[in-house]
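Participant: The lines below spell out each chain.
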Amino acid sequence: MTALKLANVNKSFGDVHVLKDISLEVEEGEFVVFVGPSGCGKSTLLRVIAGLEDASSGEIHIAGDMVNLTPPSKRGIAMVFQSYALYPHLNVRGNMTLALKQERQPKSVIEDRVRKASDMLDLAPYLDRFPSELSGGQRQRVAIGRAIVREPKLFLFDEPLSNLDAALRMNTRIEIANLHRQLGASMIYVTHDQTEAMTLADKIVVLRDGQVEQIGSPMELYNNPINQFVAGFLGSPSMNFFPAGLINAGDHHIMGVRPEDLFIDANGKLETTVSHVEHLGGDTNVIAQFGEHQIAARLFGQHAVAEGETIRLSFNPESAYSFDDNGIRVN
Amino acid sequence: MNQARTNPLNTTLMHGALILYTLIALFPVFIILINSFKERRAIFRDPLGLPDAESFSTIGYETVMKQGDFFLYFQNSMIVTVVSLFFILLFGAMAAYALSEYRFRGNMLMGLYLALGIMIPIRIGTVAILELMVATGLVNTLWALILVYTAQGLPLAVFILSEFMRQVSDDLKNAGRIDGLSEYTIFFRLVLPLVRPAMATVAVFNMIPIWNDLWFPLILAPSEETKTLTLGSQVFIGQFVTDWNAVLSALSMAILPVLVLYVIFSRQLIRGLTSGAVK
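In the order they appear, the protein sequences are chains A and B.
Heads up, the first sequence is in this note's numbering, so the first residue is 437 and it goes up one at a time.
Heads up, the second sequence is in this note's numbering, so the first residue is 2 and it goes up one at a time.
Derived by calculation from the structure, the hints in this document are not laboratory data.
Do not rely on the hints blindly, as some may be mistaken.
If you anchor each label on the Cβ, the simulated ranges turn out as follows [said to hold, decoys possible]:
no.: 1; chain 1: A; residue 1: 602; chain 2: B; residue 2: 26; range: 49 to 59 Å
no.: 2; chain 1: A; residue 1: 699; chain 2: B; residue 2: 195; range: 54 to 64 Å
no.: 3; chain 1: A; residue 1: 602; chain 2: B; residue 2: 22; range: 45 to 55 Å
For each residue, glycine too, the CB sits at the ideal point set by N, CA and C.
Only chain A is shown next, with the shape it has when bound in the complex (with noise of 0.2 Å):
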């Protein structure tokens, strides 16, 4: 059963058209995440999803049915919030438990998710802490526990870790994949940032201005981008492009290569100048000019590259990628 099905949902503020004809399905149990730049209409969609916002047009089927006239509390969902939004004069109990006091569940059903949630996130001992006397990452976990005893058909994430540190981020981000891995929850996650993307998805949807530009597993769209962007936003450093006459290469096309498919290679056709070396200790990131076009070349183990010397970089012809003048893969 698909836990979620959009057809053509199309949405406008005035005259701005935000999300632009989005179709696409999440299976029952899959971790699907929206990745985009900022202001590619993804949180939007998030929140149309949600009921915050209604569609201007199109379907939203939640488990099989149309909720598009359903309120958000009716549409078995729970969200989480990238500023938490933790009910400020309820203590963590309370965060936790008003939802299902408002669908009148029974007190012992209560009791028994609540102390489900609190395991699962070890926050038992913060039980009677109000939201003021918690750290970032507690309140995350609090946030994410109210999601839980909700037992949604549909768990949403909007960008739920950049209010948390590089480290936490971390730690967080394998607490939610195990959590997705123990709750066998369908889930929607939104982020800007590729890493979260690339690690916690089954299946990636790269938005850009309102537009879905293409929908697969991470290493589908990794190894096989449909067009420029795509390519150039998965991958960390991005793709390196330049016109493909510079290494006579064929015509008018635009060539991209990974910076990990580049090498140092005496005789490459790439002649670079560099301009700054980051030592990684496992990886050296070299930045080099090449013409008037800026190389990021990821080289495996340390290297000895000093600023402002001429290297020669190569790469495998099957590892690189073609597109036309219109950014679409050709090759």
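Fit chain B to the supplied structure of chain A, relying on the hints for placement.
Facilitator: Here is chain B on its own, set in the frame of chain A:
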């Protein structure tokens, strides 16, 4: 910045200026208070002197207690002020929430229209208001005053509160919607507590003018049963003879309730005034 703040000279100057200002502001109140405890001749002989054994007298207070229904006036003032404040805060907050939260046609115009009231003094419409009150039979009732004061206070209340309501996180309201709270519950349980400082600010701004107003009580509700304290105190001021003891005593007592209300609101008020600047 830190250094300037801890500089002893600056601190002294700053405190000196503030203390000076406080003294100037409190001086008239102090004069009223000491003179209310003096007998009539002493007030004129030595207006600045403290009451001593010879000049001490509570004649003013006795007159006030005996003459006129001072407690009734007091009660009227209290009812008018508190009920008006309640309506200003309730309707002001609701209107502000609607304006800041919902997108609807004419939202902007409605906001401007409501803000217009800040610029046009309500007293210009006194004649029309009086005619209206006569027509509806509300003259000489406290409702006449409450309605007028509510109308007078709403524009500023809507203006200030809608600014604060915009700062309340959208995520919080949306979380409430997803959890199945009604719009009213979201408003009363989530939003109102967060704008409490702003509400206190609005309350204080409105409370003092209402309590002190002489104009509308004189025109709309001058009957004996509906006189407010300010109007009631006027009986002691005659065209030829003024009972200064009574006037001063009445004024001294009129200060008290405002003082109490102010103390209640002031803790919130301080947070309200600074909350915009310091998060």
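Participant: What hints, given by number in increasing order, does this structure fail?
Facilitator: none
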